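Peer 1: Residues per chain are reported as follows:
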Amino acid sequence: MTKYSNSGEHVGELLSGYIDGELTQQERQRVRLHCDSCADCDSTLTDLRRLRQRIGEARLSDKDRDNWRESMDDTTVKATRGIGWLLLIGGALIGVGVGVYEFIITPSTLSFIEKLIVGGVYGGMLLIFISVLRQRLIERKSDRYKDVEI
Amino acid sequence: MKTDDMRHELAQLGGGAHALATQILGNPDDAADAVHDSLEKALRTPDSYDSGKGSLKPWFLRIVRNRCIDLIRRRRPTEDRVEEISDSAMGPDKAAELADRDRVLKQALASLESEQRQIIVLRDYMDLSYAEIANVLDIASGTVMSRLHRARVALGKAYREL
Chain A
1 MTKYSNSGEH VGELLSGYID GELTQQERQR VRLHCDSCAD CDSTLTDLRR
51 LRQRIGEARL SDKDRDNWRE SMDDTTVKAT RGIGWLLLIG GALIGVGVGV
101 YEFIITPSTL SFIEKLIVGG VYGGMLLIFI SVLRQRLIER KSDRYKDVEI
Chain B
1001 MKTDDMRHEL AQLGGGAHAL ATQILGNPDD AADAVHDSLE KALRTPDSYD
1051 SGKGSLKPWF LRIVRNRCID LIRRRRPTED RVEEISDSAM GPDKAAELAD
1101 RDRVLKQALA SLESEQRQII VLRDYMDLSY AEIANVLDIA SGTVMSRLHR
1151 ARVALGKAYR EL
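Residue numbers (the numbering used here), protein chains in the order written: chain A, 1 to 150; chain B, 1001 to 1162.
Excised from the complex, chain A in its bound form:
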């Protein structure tokens, strides 16, 4: 641990505390007195101030406030969309399940063969829909130019 005194020992890390305004009144006084008589510490103090200012002025991130605001909006949209999809798919599955159950079990005037044909038509439509939906989703995910505005 560095010892500090007015007798000529360098004030070291107190210089950083000084420029940051984190020292007590007594410590600030000690740094000022020391720097008045020590060219090395005075020069270091100037360098540290300059460096601090330089960092404060730098652009260490290329993302501005709007970017993060959009990012948070995106998060909300994604969350609500996810819940929406879950409800939609859950409801659709239950509806289709009940429909199929009713179609097969409930007595009707249709024969088994007729039920099979009607079931095949609806089943085929459903499969085609799922297939197209899947293809669209894959294209949407893998399309590198989807955000390009023309």
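It should be emphasised that the hints constitute simulated quantities derived from the structure, not laboratory data.
These numbers were taken from a predicted model, which means no experiment stands behind them.
Heads up, some of the hints might be wrong.
[Stated by the list, open to error] Okay, derived cross-link-like pairs now, DSSO-like style, lysine-lysine, Cα gap no bigger than 30 Å in a straight line:
hint: 1; chain 1: B; residue 1: K1053; chain 2: B; residue 2: K1002
hint: 2; chain 1: B; residue 1: K1002; chain 2: B; residue 2: K1041
hint: 3; chain 1: A; residue 1: K78; chain 2: B; residue 2: K1041
hint: 4; chain 1: B; residue 1: K1041; chain 2: B; residue 2: K1053
hint: 5; chain 1: A; residue 1: K78; chain 2: B; residue 2: K1002
[As the list claims (entries may be wrong)] If you only want the chain B side, here are some residues facing chain A, beta carbon under 7 Å, derived:
hint: 6; residue: T1003
hint: 7; residue: R1007
hint: 8; residue: H1018
hint: 9; residue: A1019
hint: 10; residue: L1039
hint: 11; residue: K1041
hint: 12; residue: G1054
hint: 13; residue: W1059
hint: 14; residue: D1102
hint: 15; residue: M1145
hint: 16; residue: S1146
hint: 17; residue: L1148
hint: 18; residue: H1149
[As the list claims (entries may be wrong)] Listed next, with one range per pair, are the computed distances between beta-carbon atoms:
hint: 19; chain 1: A; residue 1: F103; chain 2: B; residue 2: T1003; range: 44 to 50 Å
hint: 20; chain 1: B; residue 1: R1062; chain 2: A; residue 2: M125; range: 31 to 37 Å
hint: 21; chain 1: B; residue 1: R1074; chain 2: A; residue 2: L127; range: 27 to 33 Å
hint: 22; chain 1: A; residue 1: R28; chain 2: B; residue 2: L1043; range: 38 to 44 Å
hint: 23; chain 1: B; residue 1: D1050; chain 2: A; residue 2: G56; range: 27 to 33 Å
hint: 24; chain 1: A; residue 1: A92; chain 2: B; residue 2: A1095; range: 49 to 55 Å
hint: 25; chain 1: B; residue 1: K1053; chain 2: A; residue 2: G84; range: 35 to 41 Å
hint: 26; chain 1: B; residue 1: R1074; chain 2: A; residue 2: C38; range: 44 to 50 Å
hint: 27; chain 1: B; residue 1: E1097; chain 2: A; residue 2: F129; range: 56 to 62 Å
hint: 28; chain 1: B; residue 1: K1053; chain 2: A; residue 2: V96; range: 50 to 56 Å
All C-beta atoms in this analysis are idealised placements derived from N, C-alpha and C, irrespective of residue type, glycine included.
Assemble chain B onto chain A, guided by the hints.
Peer 2: Below, chain B without anything else, positioned relative to chain A:
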């Protein structure tokens, strides 16, 4: 704190958080992901922020830092990328001059240890107090000044050598 107020403050903190994450992860893209994840987490559990214990800034930066540490544990970065940042609002000469200065500063920062880079960004870029820095980095507050001073001296030396 109201969610809308929190969103507004978080949006303002995003750039600094991204700078911190970049210094930890060494890659601006991974850093953006880390900040995005942290924003999600902060908005998912806004009640975990207690304004009585301090400002939002150190609380959020702590989340960002923890997220970065998680990412490092999962996949260590293989290379540090220093990306140019352009500013279309300035004239080309001024923008180029500033970009050049920033590039040198980033190179100097990149030569420091991760802990040193973080403490410099937290103090000199994000203007956190020593107590807040101790909170974010999870270190004793009495050690902040000495660590910061060593980091600044090292950065100054690296900056002059470039």
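Peer 1: Next step is simple, just say for each hint if it's right about the structure.
Peer 2: Okay, the hints, checked on the actual structure:
no.	hint	in the structure
1	K1053/B to K1002/B	17 Å, holds
2	K1002/B to K1041/B	16 Å, holds
3	K78/A to K1041/B	14 Å, holds
4	K1041/B to K1053/B	19 Å, holds
5	K78/A to K1002/B	21 Å, holds
6	T1003	10 Å, violated
7	R1007	5 Å, holds
8	H1018	4 Å, holds
9	A1019	4 Å, holds
10	L1039	5 Å, holds
11	K1041	10 Å, violated
12	G1054	16 Å, violated
13	W1059	16 Å, violated
14	D1102	5 Å, holds
15	M1145	5 Å, holds
16	S1146	5 Å, holds
17	L1148	5 Å, holds
18	H1149	4 Å, holds
19	F103/A to T1003/B: 44 to 50 Å	47 Å, holds
20	R1062/B to M125/A: 31 to 37 Å	53 Å, violated
21	R1074/B to L127/A: 27 to 33 Å	39 Å, violated
22	R28/A to L1043/B: 38 to 44 Å	41 Å, holds
23	D1050/B to G56/A: 27 to 33 Å	29 Å, holds
24	A92/A to A1095/B: 49 to 55 Å	53 Å, holds
25	K1053/B to G84/A: 35 to 41 Å	36 Å, holds
26	R1074/B to C38/A: 44 to 50 Å	49 Å, holds
27	E1097/B to F129/A: 56 to 62 Å	58 Å, holds
28	K1053/B to V96/A: 50 to 56 Å	52 Å, holds
Hints 6, 11, 12, 13, 20 and 21 from the earlier list are contradicted by this structure; the remaining hints agree with it.
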